[in-house]
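Engineer: Residue numbers for the sequence shown follow the numbering used here, beginning at 329 and rising by one.
Just so you know, these hints were derived from the structure itself, not from any lab. Predicted model only: the values in this text are computed from it and were never measured. Do not rely on the hints blindly, as some may be mistaken.
The calculated BS3-like cross-link candidates involving lysine-lysine, where the alpha carbons are at most 30 Å apart (straight line), are [what the hints assert, rightly or not]:
1) Lys408 <-> Lys358
2) Lys347 <-> Lys358
3) Lys358 <-> Lys405
Label-pair restraints from in silico Cβ distances [what the hints assert, rightly or not]:
4) Gln436 <-> Gly391: 27 to 35 Å
5) Leu409 <-> Thr451: 19 to 27 Å
6) Ser342 <-> Ala406: 12 to 20 Å
C-beta: ideal position from N, C-alpha, C; glycine also.
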Amino acid sequence: MKDFHFDAISAFESYEIEKMRDGHVVVTTKVVNSSLNYYGNAHGGYLFTLCDQISGLVVISLGLDGVTLQSSINYLKAGKLDDVLTIKGECVHQGRTTCVMDVDITNQEGRNVCKATFTMFVTGQRSEERRVSI
């Protein structure tokens with residue numbers, strides 16, 4: 329198993345990759361103070377970035393490299409300080425040049441925080457030494 333990490337962004341310090349293989353990714357994280365908006369809720373940009381990161385990991389889990397081509401997100405419930413979020417990403421379509429990902433974020437009570445869909449443009453195959461699965 330190869331080590332995989334995110335570049336340092338303080339709001340993402342508590343990422344834990346639970347699963348990452350074959351088009352399925354599960355990550356858990358805790359909502360921290362630096363991820364809150366003016367109202368004391370998890371910032372929408374923070375939640376969107378979580379979804380975007382997980383979409384990228386789903387592409388990587390397929391042995392591919394890719395970038396976000398299009399995305400949409402629906403915010404369903406506010407994330408609160410110290411909530412434990414589970415982010416699940418799944419590839420629902422793998423084509424030659426694009427992949428479509430569904431990403432769901434739930435809180436520790438299993439309630440939906442947001443749902444997103446990402447279309448990823450495939451930029452190529454990952455080399456064997458850069459492949460990651462957990």
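Engineer: Give a verdict on every hint.
Structural biologist: Cross-check of the supplied hints:
For the hint pairing Lys408 with Lys358, the CA-to-CA distance comes to about 9 Å; that is within 30 Å, so the pair holds. A C-alpha spacing of about 17 Å is found between Lys347 and Lys358, which places the hinted pair at or below 30 Å, so the restraint holds. Taking the CA atoms of Lys358 and Lys405, the gap is about 16 Å. The hint holds against a cut of 30 Å. Evaluation of the 27 to 35 Å hint for Gln436 and Gly391 yields a pass: the beta carbon distance comes to about 32 Å.
Between Leu409 and Thr451 the Cβ separation comes to about 37 Å, which falls outside the hinted range of 19 to 27 Å. The hinted window of 12 to 20 Å between Ser342 and Ala406 holds, with their beta carbons roughly 19 Å apart.
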